[in-house]
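Peer 1: Here is what each chain is made of, one letter per residue.
There are 2 protein chains.
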Amino acid sequence: MVSKKVYFLTSNPHKAKEVSDVLSQFSIEVVPLKGEKLEIQADSVEEVARFAAEEAKKRFKERPLLLEDSGLFVDALKGFPGPYSNYVYRTLGLEGLLKLMEGVEDRRARFVCAAALVKEDDKIVIEVGEVEGEIAYEPRGDKGFGFDPIFVPLGYEKTFAELGEEVKKRISHRARAFMKIAKHLSGE
Amino acid sequence: MVSKKVYFLTSNPHKAKEVSDVLSQFSIEVVPLKGEKLEIQADSVEEVARFAAEEAKKRFKERPLLLEDSGLFVDALKGFPGPYSNYVYRTLGLEGLLKLMEGVEDRRARFVCAAALVKEDDKIVIEVGEVEGEIAYEPRGDKGFGFDPIFVPLGYEKTFAELGEEVKKRISHRARAFMKIAKHLSGE
Chain A
23 MVSKKVYFLT SNPHKAKEVS DVLSQFSIEV VPLKGEKLEI QADSVEEVAR FAAEEAKKRF
83 KERPLLLEDS GLFVDALKGF PGPYSNYVYR TLGLEGLLKL MEGVEDRRAR FVCAAALVKE
143 DDKIVIEVGE VEGEIAYEPR GDKGFGFDPI FVPLGYEKTF AELGEEVKKR ISHRARAFMK
203 IAKHLSGE
Chain B
23 MVSKKVYFLT SNPHKAKEVS DVLSQFSIEV VPLKGEKLEI QADSVEEVAR FAAEEAKKRF
83 KERPLLLEDS GLFVDALKGF PGPYSNYVYR TLGLEGLLKL MEGVEDRRAR FVCAAALVKE
143 DDKIVIEVGE VEGEIAYEPR GDKGFGFDPI FVPLGYEKTF AELGEEVKKR ISHRARAFMK
203 IAKHLSGE
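If you read the protein sequences in the order shown, they are chains A and B.
Numbered per our numbering, the first sequence finishes at 210, counting up by one with no gaps.
Numbered per our numbering, the second sequence finishes at 210, counting up by one with no gaps.
Just so you know, the hints here were simulated from the structure itself, not pulled from any lab data.
Be careful, since some hints might not be right.
Identical copies go unnamed one by one, so any copy, or any two together, can satisfy a pair.
[What the hints assert, rightly or not] Keeping only pairs whose Cα atoms sit at most 25 Å apart, straight-line, the calculated SDA-like set for lysine to any residue is:
#1 Lys27 - Glu187
#2 Lys141 - Gly115
#3 Lys37 - Ile148
#4 Lys100 - His36
#5 Lys205 - Gln63
#6 Lys39 - Gly57
#7 Lys145 - Leu60
#8 Lys100 - Glu58
#9 Lys121 - Pro171
#10 Lys100 - Ser33
#11 Lys100 - Arg112
#12 Lys27 - Glu179
With the rest of the complex left out, here is chain A (with noise of 0.2 Å):
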């Protein structure tokens, strides 16, 4: 089979790890395009994605050129912290998000990606990928990033954290979002 190549824009060493291991699996090189998306305020990660994207298609030549956006999206927070994941992250921590669920008992989640892909063409496709799960009452594992410790996907009693790359490359909201691209790469 014939090897193809797409350029992956992201400043999350992680994040490249994780597209190239799902998109190995077709065949599909991923080339890291280190450099820094343009973000938007808004309450979906789809929207976040989608102008990231439009912005992306002016500023870098390389095609297809792929991009994402993902959040965790608690239920009993209002879907928060949702886009704002990262910065959630970087200022109340996983205890923050477990100290907001202290005393909650409905702890259902999900993570939800939005893959952006610029075709040769310029045209953008966005597909997204969600997994449902529920909130951990502490963190486990160590493998993974972000809030994977205390994630629990539905169907398994680790946390995303302690179940690692080859659970998440098959069932994770990033697996599921560009296993969806690679249709579209493949068809091109």
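For chain A, the structure is supplied; the task is to place chain B on it using the hints.
Peer 2: Same frame as chain A, now just chain B:
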């Protein structure tokens, strides 16, 4: 004294009223310009206001054009909620912020406002106003908006929501930023 007219881009009627209260003291008339400003994700309100002003000056022809971005920065929470104060107010609310501060002795916080002025010659001026204070232990008062009911400015025992506009128009972050802006407008 000749009154001068300025346009203020906002979707928040409370902010329009507060800015008008401040600038009317300088014989400056504020005309609200209804519309959304484009807000980026950034760790400071200055960055958010500057980007919004650069974008707004392309989209609106009215001059002088004002806009602002503001936020509540809590020391013990590494500045959270900062530039995302509106989102955090809509999701976690006052209760969520108070829950994060449970058992926290260091209550210090500051409201920061970055006011942007797009002048007749399209040059942009940014002025920042701050007010120091503390996070209260429970909400008090029904004036103002946002986090006003849990913010006690330094030198006072009441919250902004108890003190109301007579005090806010003299000492608030927004008042302080727009008093500096008034000097630019009078000097034009």
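Peer 1: Confirm or reject each hint.
Peer 2: Now for the hints, and whether the structure bears them out:
Within a single copy, Lys27 and Glu187 get their C-alpha atoms as close as 22 Å, which meets the 25 Å cut-off; across copies the closest is 59 Å, which misses it. For the homomeric pair Lys141 and Gly115, neither the shortest alpha-carbon distance inside one copy (36 Å) nor that between copies (41 Å) is at most 25 Å. For the homomeric pair Lys37 and Ile148, the shortest alpha-carbon distance inside one copy (17 Å) is at most 25 Å, but the shortest distance between copies (35 Å) is not. Taking the closest pair of Cα atoms, Lys100 and His36 come within 25 Å of each other only across two copies (24 Å); inside a single copy the shortest separation is 27 Å, beyond that limit.
For a Cα distance limit of 25 Å, the shortest separation of Lys205 from Gln63 qualifies neither inside one copy, at 29 Å, nor across copies, at 31 Å. Taking the shortest Cα distances, Lys39 and Gly57 sit within 25 Å of each other inside one copy (16 Å), while across copies they are farther apart (40 Å). For the identical chains of this complex, Lys145 and Leu60 are neighbours both inside a copy (18 Å) and across copies (23 Å), given an alpha-carbon limit of 25 Å. For the homomeric pair Lys100 and Glu58, the shortest alpha-carbon distance between copies (23 Å) is at most 25 Å, but the shortest distance inside one copy (28 Å) is not.
Both within a single protomer and between protomers do Lys121 and Pro171 lie at most 25 Å apart by alpha-carbon distance, with minima of 15 Å and 22 Å respectively. For the homomeric pair Lys100 and Ser33, the shortest alpha-carbon distance between copies (22 Å) is at most 25 Å, but the shortest distance inside one copy (28 Å) is not. Both within a single protomer and between protomers do Lys100 and Arg112 lie at most 25 Å apart by alpha-carbon distance, with minima of 20 Å and 8 Å respectively. In this homomeric assembly, Lys27 and Glu179 never come within 25 Å of each other (Cα to Cα): the closest approach is 36 Å inside a single copy and 63 Å across copies.
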